[in-house]
Amino acid sequence: LYTHIGDNRMSGSVCRNIDHFGRLCGGGATEHVRLVTTMCDNGRQENTATYQRRVSQQEGSFWKPFISVGACHERFSSTQKSA
Numbered sequence: 283l284y285t286h287i288g289d290n291r292m293s294g295s296v297c298r299n300i301d302h303f304g305r306l307c308g309g310g311a312t313e314h315v316r317l318v319t320t321m322c323d324n325g326r327q328e329n330t331a332t333y334q335r336r337v338s339q340q341e342g343s344f345w346k347p348f349i350s351v352g353a354c355h356e357r358f359s360s361t362q363k364s365a
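Numbered per the working numbering, the sequence shown spans residues 283 to 365.
Do not rely on the hints blindly, as some may be mistaken.
Label-pair restraints from in silico Cβ distances [to be verified]:
1) V351 / T285: 13 to 23 Å
2) G294 / Q362: 31 to 41 Å
3) A331 / G309: 32 to 42 Å
4) T330 / G310: 31 to 41 Å
5) T285 / K346: 11 to 21 Å
6) G342 / T320: 27 to 37 Å
7) G309 / N329: 34 to 44 Å
8) T285 / G308: 30 to 40 Å
9) T330 / G308: 16 to 26 Å
10) T361 / G309: 24 to 34 Å
11) S338 / T285: 15 to 25 Å
12) G308 / T332: 17 to 27 Å
Since the hints were derived computationally from the structure, they do not count as laboratory data.
Keep in mind the model is a prediction, meaning the values are calculated, not measured.
C-beta atoms are modelled at their ideal positions from N, C-alpha and C, and glycine is treated no differently.
Using the sequences provided together with the hints, build the complete structure.
The following block contains the structure:
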């Protein structure tokens, strides 16, 4: 599991962390990786649209190397079922 707090930017340290995470996992385990986002459960319509836009950006750039080899994105909604 790689947990990303639903922030509006990917700082240098976040980029380094995901790079290190990728090297830790190695190529054979990437299909078991779940990229989990948090702070997305406040329910307001404008925040839902913003969240979806940010996830799409992350899936197309920062997470693309993971997703292209089998990792997937999951959304944590602060519920027991979501966990």
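Results for each hint:
1. Under the hint 13 to 23 Å, the C-beta atoms of V351 and T285, about 20 Å apart, fit the expected range.
2. Separation of G294 from Q362 is about 34 Å and conforms to the stated range, judged on CB atoms against 31 to 41 Å.
3. In this structure the supplied range 32 to 42 Å holds for A331 paired with G309, their Cβ-Cβ distance being about 35 Å.
4. The given range of 31 to 41 Å is respected by T330 and G310, whose C-beta atoms sit roughly 35 Å from each other.
5. At about 18 Å, the CB distance of T285 to K346 agrees with the hint of 11 to 21 Å.
6. A hinted range of 27 to 37 Å is violated for the C-beta pair G342 and T320, which are about 20 Å apart.
7. One distance hint, 34 to 44 Å for the beta-carbon pair G309 and N329, holds here, with the actual separation near 36 Å.
8. Between T285 and G308 the C-beta distance comes to about 19 Å, which lies outside the given range of 30 to 40 Å.
9. Against the hinted window of 16 to 26 Å, the Cβ-Cβ separation of T330 and G308 comes to about 35 Å, which falls outside the hint.
10. The hinted window of 24 to 34 Å between T361 and G309 holds, with their beta carbons roughly 33 Å apart.
11. Checking the proposed 15 to 25 Å range against S338 and T285 shows it holds: the Cβ atoms sit about 19 Å from each other.
12. A beta carbon spacing of about 34 Å between G308 and T332 contradicts the range 17 to 27 Å that was offered as a hint.
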